[in-house]
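> The lines below spell out each chain.
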Amino acid sequence: MIEIRWHGRGGQGAKTASLLLADVAFNTGKFIQGFPEYGPERMGAPITAYNRISDTPIRIHSNIYEPDYVVVVDDTLISAIDVTKGLKNDGALLINTSLNLEEIKKFFPNYFGKIYTIDASKISTECLGANFPNTALLSAVIKITNIMNKEQLEKNMLNSFKHKFAKKPDVIEPNMEAVRRAWEEVKGGN
Amino acid sequence: MIRERLSGNEAVAVAMRQINPDVVPAYPITPSTEVPQYFSSFMANGSVDTEFIPVESEHSAMSACIGASAAGARVMSATSSQGLSLMYEMLYIASGMRLPIVLTCVNRAVSAPINIHNDHSDSMGVRDCGFIQLYCESNQEAYDNLIMAVKIAEKAMLPVMVCFDGFITSHSVENIELLEDDIVKQFVGKYEPEHYLLNPNEFISMGPLDLQNYFFEHRKQLADAMKDSKRIIEEVSEEYAKISKRKYNLIENYRMDDSKIAMVVLNSTAGTAKEVVDKLRDEGIKVGLVKPRTFRPVPVKELVESLKDMKAIAIMDKADSINGFCGPLYSEITSALYSEGLNIPTVNYIYGLGGRDVKTSDIEDVFRSLLKIAKDGKKSQTTYYLGVRE
Amino acid sequence: MITDNMGAKDLPIGGNILEDGNSELFNTGEWRNKKPVHLDDKCKHCMLCVMPCPDNAIIHDEYDKMLGFDYNKCKGCGVCAKVCPFKAIEMKDE
Numbered sequence: 001m002i003e004i005r006w007h008g009r010g011g012q013g014a015k016t017a018s019l020l021l022a023d024v025a026f027n028t029g030k031f032i033q034g035f036p037e038y039g040p041e042r043m044g045a046p047i048t049a050y051n052r053i054s055d056t057p058i059r060i061h062s063n064i065y066e067p068d069y070v071v072v073v074d075d076t077l078i079s080a081i082d083v084t085k086g087l088k089n090d091g092a093l094l095i096n097t098s099l100n101l102e103e104i105k106k107f108f109p110n111y112f113g114k115i116y117t118i119d120a121s122k123i124s125t126e127c128l129g130a131n132f133p134n135t136a137l138l139s140a141v142i143k144i145t146n147i148m149n150k151e152q153l154e155k156n157m158l159n160s161f162k163h164k165f166a167k168k169p170d171v172i173e174p175n176m177e178a179v180r181r182a183w184e185e186v187k188g189g190n
Numbered sequence: 001m002i003r004e005r006l007s008g009n010e011a012v013a014v015a016m017r018q019i020n021p022d023v024v025p026a027y028p029i030t031p032s033t034e035v036p037q038y039f040s041s042f043m044a045n046g047s048v049d050t051e052f053i054p055v056e057s058e059h060s061a062m063s064a065c066i067g068a069s070a071a072g073a074r075v076m077s078a079t080s081s082q083g084l085s086l087m088y089e090m091l092y093i094a095s096g097m098r099l100p101i102v103l104t105c106v107n108r109a110v111s112a113p114i115n116i117h118n119d120h121s122d123s124m125g126v127r128d129c130g131f132i133q134l135y136c137e138s139n140q141e142a143y144d145n146l147i148m149a150v151k152i153a154e155k156a157m158l159p160v161m162v163c164f165d166g167f168i169t170s171h172s173v174e175n176i177e178l179l180e181d182d183i184v185k186q187f188v189g190k191y192e193p194e195h196y197l198l199n200p201n202e203f204i205s206m207g208p209l210d211l212q213n214y215f216f217e218h219r220k221q222l223a224d225a226m227k228d229s230k231r232i233i234e235e236v237s238e239e240y241a242k243i244s245k246r247k248y249n250l251i252e253n254y255r256m257d258d259s260k261i262a263m264v265v266l267n268s269t270a271g272t273a274k275e276v277v278d279k280l281r282d283e284g285i286k287v288g289l290v291k292p293r294t295f296r297p298v299p300v301k302e303l304v305e306s307l308k309d310m311k312a313i314a315i316m317d318k319a320d321s322i323n324g325f326c327g328p329l330y331s332e333i334t335s336a337l338y339s340e341g342l343n344i345p346t347v348n349y350i351y352g353l354g355g356r357d358v359k360t361s362d363i364e365d366v367f368r369s370l371l372k373i374a375k376d377g378k379k380s381q382t383t384y385y386l387g388v389r390e
Numbered sequence: 001m002i003t004d005n006m007g008a009k010d011l012p013i014g015g016n017i018l019e020d021g022n023s024e025l026f027n028t029g030e031w032r033n034k035k036p037v038h039l040d041d042k043c044k045h046c047m048l049c050v051m052p053c054p055d056n057a058i059i060h061d062e063y064d065k066m067l068g069f070d071y072n073k074c075k076g077c078g079v080c081a082k083v084c085p086f087k088a089i090e091m092k093d094e
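If you're matching them up, the sequences are chains A, B and C in order.
Residue 74 in the working numbering sits at position 74 of the first sequence, with consecutive numbering throughout.
Residue 267 in the working numbering sits at position 267 of the second sequence, with consecutive numbering throughout.
Residue 64 in the working numbering sits at position 64 of the third sequence, with consecutive numbering throughout.
Among the clues, some could well be false.
Taking lysine to aspartate or glutamate and the EDC-like style, the derived pairs with C-alpha atoms no more than 20 Å apart in a straight line are [unchecked claim]:
{"id": "1", "chain 1": "B", "residue 1": "Lys220", "chain 2": "C", "residue 2": "Asp10"}
{"id": "2", "chain 1": "B", "residue 1": "Lys375", "chain 2": "B", "residue 2": "Glu364"}
{"id": "3", "chain 1": "B", "residue 1": "Lys311", "chain 2": "B", "residue 2": "Glu332"}
{"id": "4", "chain 1": "B", "residue 1": "Lys359", "chain 2": "A", "residue 2": "Asp68"}
{"id": "5", "chain 1": "B", "residue 1": "Lys247", "chain 2": "B", "residue 2": "Asp257"}
{"id": "6", "chain 1": "B", "residue 1": "Lys220", "chain 2": "C", "residue 2": "Asp4"}
{"id": "7", "chain 1": "A", "residue 1": "Lys105", "chain 2": "A", "residue 2": "Asp74"}
{"id": "8", "chain 1": "B", "residue 1": "Lys279", "chain 2": "A", "residue 2": "Glu66"}
{"id": "9", "chain 1": "C", "residue 1": "Lys9", "chain 2": "B", "residue 2": "Asp228"}
{"id": "10", "chain 1": "B", "residue 1": "Lys279", "chain 2": "A", "residue 2": "Asp55"}
{"id": "11", "chain 1": "B", "residue 1": "Lys359", "chain 2": "A", "residue 2": "Glu37"}
{"id": "12", "chain 1": "B", "residue 1": "Lys227", "chain 2": "C", "residue 2": "Asp10"}
{"id": "13", "chain 1": "A", "residue 1": "Lys164", "chain 2": "A", "residue 2": "Glu154"}
{"id": "14", "chain 1": "A", "residue 1": "Lys85", "chain 2": "B", "residue 2": "Asp357"}
{"id": "15", "chain 1": "C", "residue 1": "Lys9", "chain 2": "B", "residue 2": "Glu154"}
{"id": "16", "chain 1": "B", "residue 1": "Lys359", "chain 2": "A", "residue 2": "Glu66"}
{"id": "17", "chain 1": "C", "residue 1": "Lys9", "chain 2": "B", "residue 2": "Asp224"}
{"id": "18", "chain 1": "A", "residue 1": "Lys162", "chain 2": "B", "residue 2": "Glu4"}
{"id": "19", "chain 1": "A", "residue 1": "Lys164", "chain 2": "B", "residue 2": "Glu4"}
Stretches of chain B that chain C covers, calculated by requiring three or more beta carbons in the stretch to come under 8 Å of a beta carbon on chain C [to be verified]:
{"id": "20", "segment": "93-102"}
{"id": "21", "segment": "199-206"}
Residues from chain B shown here face chain C by an in silico Cβ test under 8 Å; the list is partial [as the list claims (entries may be wrong)]:
{"id": "22", "residue": "Met157"}
{"id": "23", "residue": "His195"}
{"id": "24", "residue": "Asp210"}
{"id": "25", "residue": "Asn213"}
{"id": "26", "residue": "Tyr214"}
{"id": "27", "residue": "Glu217"}
{"id": "28", "residue": "His218"}
{"id": "29", "residue": "Lys220"}
{"id": "30", "residue": "Gln221"}
{"id": "31", "residue": "Asp224"}
Just so you know, the hints here were simulated from the structure itself, not pulled from any lab data.
These numbers come from a predicted model, not from an experiment.
Idealized CB from N, CA, C, for every residue including glycine.
With the sequences and hints as input, model every part of the structure.
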């Protein structure tokens with residue numbers, strides 16, 4: 001079972017991203033859980049969301065305290081909260097940031113696992129003309145967690161976009177471009 | 001069988017769409033709001049032909065349920081927490097008039113202080129109102145129990161409350177296996193009450209004044225109906241197993257066969273606790289778990305059968321009776337054991353109030369303390385508040 | 001029909017009354033402590049007393065002749081005496 005914790009700010013779509021990931025994993029035949037930790041609902045306040053992905057039915061219903069992966073949707077959170085709390089050293093941390101890997105690593109002198117970065121906001125702005133980092137972030141998460149390979153992901157996302165954007169087919173290709181670019185542009189892991 | 005991924009609230013709304021009740025009066029309250037919300041979208045797109053009544057309070061919601069049900073309609077609603085508290089008066093009327101209303105209760109703490117998260121204070125607070133109560137571990141169980149509830153209610157002529165954990169189950173997306181629409185429709189069938197107010201061929205009165213001469217007999221009827229509902233729940237569950245391949249009993253025994261130590265726990269925490277049971281068994285420690293599916297009626301015979309050979313039992317209450325003694329599940333189960341002449345060291349844990357997360361390590365602590373009690377044969381204390389800061 | 005000696009197994013479920021028109025079986029006349037008396041010599045048979053009677057206790061002949069009272073039903077409320085324009089109904093102690 002893979003356990004993932006998401007950190008974002010209210011309104012940025014961390015919950016949506018966790019549900020999207022659950023969807024994608026579900027489509028590959030996995031058992032999934034996707035749930036946010038609900039608190040006071042305030043735009044901009046730090047929020048947490050969780051995923052469990054498994055080959056067998058999932059019965060555990062607690063929050064995740066020792067995640068295999070942590071995804072940070074907003075890099076301003078890394079100095080505000082302890083995003084690596086409980087994160088396994090053989091797991092990985094993925095951060096959506098415009099900073100380079102070396103700069104990011106300085107924030108985590110006590111974390112010895114893998115660190116990845118992706119500039120999902122830049123990819124989103126360039127491909128879609130707006131800051132919707134979820135699609136690019138999702139692609140990066142799937143790459144580092146090995147939930148599926150690139151071909152499977154592209155096929156899966158294309159199907160999902162065809163369904164989601166049935167009424168605006170012209171945005172399908174830009175979204176697919178974001179998926180492909182994010183796959184290539186994830187940095188780090190060593 | 002349809003493989004899907006849905007939250008508990010979505011699952012229940014889908015079940016309601018498949019059941020296509022005649023009337024759904026509802027008033028929104030977190031965390032059950034999504035149930036009428038999703039359901040009203042099914043109304044809007046024409047996939048049900050239900051009369052949806054957006055009422056002005058939960059008291060009115062249950063009142064409208066009662067009126068519609070007495071008129072002869074198949075009726076459903078959903079609520080949580082203070083919403084259920086506000087229905088309190090009408091819940092007794094629903095059961096007293098023997099109306100088969102199906103109510104989804106998405107369990108949430110009852111204020112004060114204000115809290116929107118999960119515990120079982122709401123449904124435990126109305127445990128004596130004459131509703132059958134079914135408790136659900138997962139979104140799958142919520143879906144299955146809701147479909148069965150319609151049939152159980154109509155056969156028993158008792159209202160049924162389907163309870164599952166707010167946020168933990170209601171808002172968590174998980175895998176689920178849905179039945180085909182027509183299979184559900186066929187299973188629940190058409191509601192044909194024997195007596196109802198809108199029957200043009202029969203002129204009857206419902207809910208009349210019922211004084212010293214008859215009231216006691218009518219309450220005895222209600223008590224008998226609740227007792228007999230055990231048989232009906234078993235029959236309906238048997239029938240449901242045929243269409244779903246999922247068999248539900250009044251209680252679920254998990255790895256109890258060779259166990260001398262047991263935990264009794266309701267709803268989603270049972271899932272977390274099963275993980276701990278497996279872990280301890282991997283270490284060679286024989287522990288088991290009992291999960292009551294019905295709390296009303298109390299499955300006395302089944303509980304006693306499962307627990308009679310235990311050396312130590314922990315009964316987990318996600319609600320407190322504030323009686324200076326113990327929680328509601330503890331008092332009923334220990335009285336069941338005592339009535340059968342069993343005196344087993346049994347402890348009570350009040351846990352998870354107001355949505356305090358229950359970790360596997362918390363459950364493991366409980367099992368480890370039971371090991372000690374089983375060894376010594378005695379306990380130093382009856383009621384504990386699991387993980388609370390003193 | 002519901003009777004006093006019926007038990008939980010025989011009584012209609014949930015307090016339902018499964019027949020109509022059964023207020024006729026209830027002798028509200030027992031409640032009366034003043035009784036109306038019909039003074040035939042003053043009565044003009046205007047029938048104004050018929051409609052307000054809550055117990056349908058005015059006996060009359062197809063709306064052309066007032067005949068008296070059904071004392072099994074009359075609660076003695078006195079509304080008939082009050083509305084009678086000719087003082088043809090008098091309330092007397094039981």
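> Run through the hints listed earlier and report the numbers of any the structure violates, in increasing order.
none
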